[in-house]
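Visitor: Each chain, written out:
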Amino acid sequence: MLQYLAKRLLGLIPTLVLVGALVFLFVHLLPGDPARLAAGPDANAETVALVRQDLGLDKSLPEQFLRFSTGALRGDFGRSLRTKRPVSTEIAERFWPTFWLTVASMAWSVAIGMTIGVLSAVWRNRWPDRVGMTLAVSGISFPAFALGMLLMQIFSVQLGWLPTVGADTWRHYILPSLTLGAAVAAIMARFTRSSFVEILHEDYVRTARAKGLAEPVVIIKHGLRNALIPVVTMMGLQFGFLLGGSIVVEVVFNWPGMGRLLVDAVDMRDYPVIQGLVLLFSLEFILINLIVDVLYAVINPTIRYR
Amino acid sequence: MKSLLRSSFLAALTLGVLAAPAFAAKDVVFAVASTFTTTDPYDANDTLSQAMAKSFYEGLYGFDKDMKMIPVLAESYEVSKDGLVYTIKLKKGIKFHDGTDFRADAVKANLDRVTNPDNHLKRYGLYNNNIAKTEAVDDYTARITLKTPFSPFINQLAHPSTVMISPAALKQHGNKDIAFHPVGTGPFKFVEWKQTDYLKVAKFDGYWQKGLPKVDTITWKPVVDNNSRAALMQTGEAHFTFPVPYEQAEVLKARPELEVVAAPSIVLRYLSMNTQKKPFDNPKVRQAIAYAINKDALAKVAFSGYAAPAEGVAPPGVEYAVKIGVWPYDVAKAKQLMSEAGFPNGFETELWSAYNHSTAQKVTQFLQQQLQQIGIKTKITLLEAGQRVEKVESWQDPATAPVRLYYVGWSTSTGEADWALRPLLYGESWPPKLFNTAYYKNDKVDADIKGAQLTTNSSEKARLYKDAQETIYKDAPWAPLVTERLLSAHNKKLTGVYVIPDASFNFTEIDLK
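Going down the list, the protein sequences come from chains A and B.
Numbering-wise (my numbering), the first sequence opens with residue 1 and increments by one.
Numbering-wise (my numbering), the second sequence opens with residue 1001 and increments by one.
Calculated from the structure, these hints are not laboratory results.
A portion of the hints provided could be inaccurate.
Stated by the list, open to error - Restricting the straight-line Cα-Cα distance to at most 20 angstroms, the calculated cross-link-like pairs of lysine to any residue (SDA-like) are: (1) LYS1176(B) / GLY56(A); (2) LYS1466(B) / GLN1365(B); (3) LYS84(A) / PHE1180(B); (4) LYS1176(B) / THR169(A).
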C-alpha cells in the first residue's frame, strides 16, 4: 500500500509540469495587454511602459516561462499584478474559507443525498421514491445563483434570521453551504439510488434475506457498503469541483474564497494568480483521486493495490 | 452521524433566529462594488480605491460635494507670470496620524516620490509630465516648478490621487509597504485591511477640523454582486452603498428607512467615429449619425431615466465646459445629409462597445435600431476588457485601426476641461498614447487646447476652451449621447455622505443618528 502511494505521488510530478506549461501558454494567449489594463483608464503610454517593465512583461515569452518554472519549483509563484502581494499569500488567505465551505456543504449534502437515495431505492416506484427524485431533479435544475438570492431574500432580508454576506461566524455558513450543496445532494441522491437498486438485485442480498436477516441489516450492512463504491467516486469528483471555489455562490454571498479571487484575476488579467490557482486546482483533483482510490480499499477489502 | 449532523443543523437554524444583527451607535458600514487595489492613491487607477483612501488621506486641494475646488491642506497659492512656478502656502497646526507635523517637507517628499521612475507608481506619467522640481521654501511654503506652463495644475493637486502621506511613515515603511500602513492627515486612522473582506478605519482624535469626524469607525466592505449589496442595505448591515443598479432602485426606494439619491455626474457617454476611415471621414455622415439618435429615448430605455441627454462635448460640472445644447433628433435631416454625402442607401459598419455589461448591451441595441432608420447596418460587438485594450486602446498603427463606431464613456476626474478634451480629442492623443478613439485631428482645436494649457489668464482660457468645444461639436467626431446620473442609497440615519460627480465620495461631515 505504501509503495503504491509513493508511486502515485511520484506520478504527480509529470502531470503537474504538463499542466503548468499548458496554463502558462493559455494565459498568455488571452487577448489584451495586462500592463495596459493594470495601468488603468487615465494612464498614458509612458506609464504603461513603466508598468510593463515593473511586471516583467517586457521580457520574451521563453524568458518569462523560465522565470515562472524556476520560481514555481521554489514555491514562488510570483506576485499578483493587482495587489502586488505574493500569489502564495493571496491564495493561502482564500483557501480556507473555500475549504470549510466545501466541507460544510459536502457534509450535509452527502448525508441528505445518501438518505434520500437509499430511501428511494428501498421504496422504489412508491411515494418516497417519487418525492425524493422530484427533490433531486429540482436540486439539479435550480440554478445556484437564483437559489442563493432566493434564500438570501427570504432568510436575511424578509425574516432577518441570518446574515447576508461574509464568512465570519458559523451562521454565515448556513445559506452558502445550502446553496452550494443543493446540486451535490441531488446528484448524490440519484447516484446512490441507481447504485443501490442494482445491488438489491444481487445474489448475496437474496442470500442474506434468505438466511433470515432483518431487512435493515440487509440494507445497511450488505447493501450500503457495496453500493458505496460509485458513490464515493462521485463524492470525490464533487469535492474537487467545490474546492475550486464556486464562482457563482462566492460572488452572491461575497465569500472571501478562491472563486472570487479567480473572477477578479481573470478580469484584471492577473496572470500569476490565474496560473497559481489553476495549478492548485489540478493538484487538488489529483490528490482527491488518490484518496478516493485508497477509500475503495477501505470500503471493499477485496480490492488491493500494488 | 447523520442524525447528529441534522440536529446540529437544526440547532444552527434556531440559534440563527435568536441572534439578530446588532450595531453599536456610530459604526458605519459602506458597501461598495469592487475590491480595493491599494490604499496608495499614487499607485491606484480606480476611482473607488482613491475614494476610500480619502478616509485617511487629504490633499493640498480637494473637491467639495458639488465638485467645486476647495483648499484643504493648502491656505492659498500664487502662480508666477510665466505660469511655471506655483508657490503654495500651507495651513498650520495640522498633524499626521503618527503625531508628526504636516509641513512643506511633506509636499516635497510626496511629489518627489511620484516623479521618481524607480518607484514604479501607476500615476508616475501624470506627474512627471509637468513637474520639474519641488522645494520646501520654509516650513509652511512649498514651491513647485513645472517643465512647461500647465494651467490646470491646481486641479491636478485637487485630484484624489495627489495626497499627503506622512514623510516619516514613508521612510519607515518604504515605497511599497506604505500601501499596507497608510498614514495621512485625514479624519480617520487606518485600522485594518482584510483584503478579502473589509477595510476598517477609526476616528482620528487629533483631526485638524475641530468637531470632526462625528462617527467612530467606517468599515468599507467590497460586495461584488449587485443584488447582494441591495440585500445588505435592506437588512441594515450597511448604511451606504454605491453604485445602485437601476433595477434595484425601485426596490430600495420602497423601503421607508432608505433613501435613493441620483446625483449628477461628469461621466459622458458618447459614440466615437473613426474620422480617418471612410465613410466617417465625411463630416456629413458623422452629423447624420448624430441626428439619427434620439438621446431622450436612449436615456429612458437604456438608463431607466437615470441619465440626461448630453449638452456638449464636456459634461456640465466640469470647469470651462460649454453648454451647447442637445444635438436634435431629426431623421429627415439625417437622411438628407446621408444623400448629400453619397450614401442614400446607407452602408454597413461595425459598432463596438467598450463594455460588456447589460446597460451597454441595451445602448448598442438601441443605437443599432436608430441607425437602421438611415440605412446604416451595424454589427454589434461588446468588447471584453482584454479585447478592448488589444483592439482599441493599444492598437499601434492608426492607419490600420479596426475601430469604427465605438460606444464608450469618460469621467473627467480632474474636473477641468483640459482632461475632458486633451486625452480624447487632441491630435497627439491617438491610441496607444491616449484615448482619441475618433482619431480626430483639427489644427484649430489642437491650438486651442495647447494655448489654454499655457495661459494663466482665466478668461482667455475660457475663450479658448469655448472655441475648441464649439468646433468639435460641429465637426462631430462623436455623437454625444448622455451624461449619467450616479445612483447611491443610504440609510436615513446616515448624513453627510455624498457621491460627487466624478463618482468619488465626500464624507468628511459623515454622521449617524
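Visitor: Give a verdict on every hint.
Guide: Structure-based check of each hint:
1. Proposed proximity of LYS1176(B) and GLY56(A) is supported: the alpha carbons are some 17 angstroms apart, at most 20 angstroms.
2. This hinted pair does not check out: LYS1466(B) and GLN1365(B) have alpha carbons roughly 33 angstroms apart, beyond 20 angstroms.
3. Taking the CA atoms of LYS84(A) and PHE1180(B), the gap is near 11 angstroms; set against the 20 angstroms cutoff, the hint holds.
4. Taken as a hint, the LYS1176(B) and THR169(A) pair is broken in the structure, with Cα atoms around 33 angstroms apart against an allowance of 20 angstroms.
Hint compliance for this structure: hints 2, 4 are not met, and every other hint is.
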